[in-house]
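Going by the working numbering, the residue at position 42 of the sequence shown is 46; the numbering climbs one at a time, nothing skipped.
Derived by calculation from the structure, the hints in this document are not laboratory data.
All C-beta atoms in this analysis are idealised placements derived from N, C-alpha and C, irrespective of residue type, glycine included.
You may find that some hints are simply not true.
Label-pair ranges, simulated between beta-carbon atoms [stated by the list, open to error]:
id, residue 1, residue 2, range
1, Leu90, Gly37, 45 to 55 Å
2, Glu53, Gly82, 34 to 44 Å
3, Thr35, Glu89, 43 to 53 Å
4, Val31, Trp120, 37 to 47 Å
5, Leu34, Ser107, 10 to 20 Å
6, Ala94, Phe48, 39 to 49 Å
7, Trp117, Glu50, 35 to 45 Å
8, Val31, Asp52, 18 to 28 Å
9, Ala85, Ser20, 11 to 21 Å
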Amino acid sequence: MPRRYRSGVPALLIVSVYAVALAVAAVIALTAGDLGVLWRLSLFTEVDEDAAATWPSVLVLVLAGTLWAWAGWQSLRGPLAGPSELDRDARRLRAALYAAAASWLFYFLIPSWPWWATVLDSVVM
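Please model the entire structure based on the sequences and the hints provided.
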């Protein structure tokens, strides 16, 4: 199935690494009682101090991480292999989508944005 898509093999590798990290974090959460790594992997925020490492909370976090893995597969695999059948407008829309997704990567790198970066991000969106 990965060879059906243009970027299927790299997408499968990335999603597989994420899934393994999620499983390891779930085991750590259940054995050590620390939700920090699992919380960060599935919700992308710092752990809530009131959260306890119970079966239901670990299950919810694993389900959230599974949704992220599915979304990663859907977005990273790319279009079907073969000649592109996109018209000009669809290619422009796809380029705009990729630019918007790339601009979101900067949110993790830059804690606060200057005004010009906010304007640039709004233009991209």
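Structure-based check of each hint:
no.: 1; hint: Leu90 <-> Gly37: 45 to 55 Å; verdict: holds, 50 Å
no.: 2; hint: Glu53 <-> Gly82: 34 to 44 Å; verdict: holds, 40 Å
no.: 3; hint: Thr35 <-> Glu89: 43 to 53 Å; verdict: holds, 50 Å
no.: 4; hint: Val31 <-> Trp120: 37 to 47 Å; verdict: holds, 45 Å
no.: 5; hint: Leu34 <-> Ser107: 10 to 20 Å; verdict: violated, 37 Å
no.: 6; hint: Ala94 <-> Phe48: 39 to 49 Å; verdict: violated, 30 Å
no.: 7; hint: Trp117 <-> Glu50: 35 to 45 Å; verdict: violated, 20 Å
no.: 8; hint: Val31 <-> Asp52: 18 to 28 Å; verdict: holds, 20 Å
no.: 9; hint: Ala85 <-> Ser20: 11 to 21 Å; verdict: holds, 20 Å
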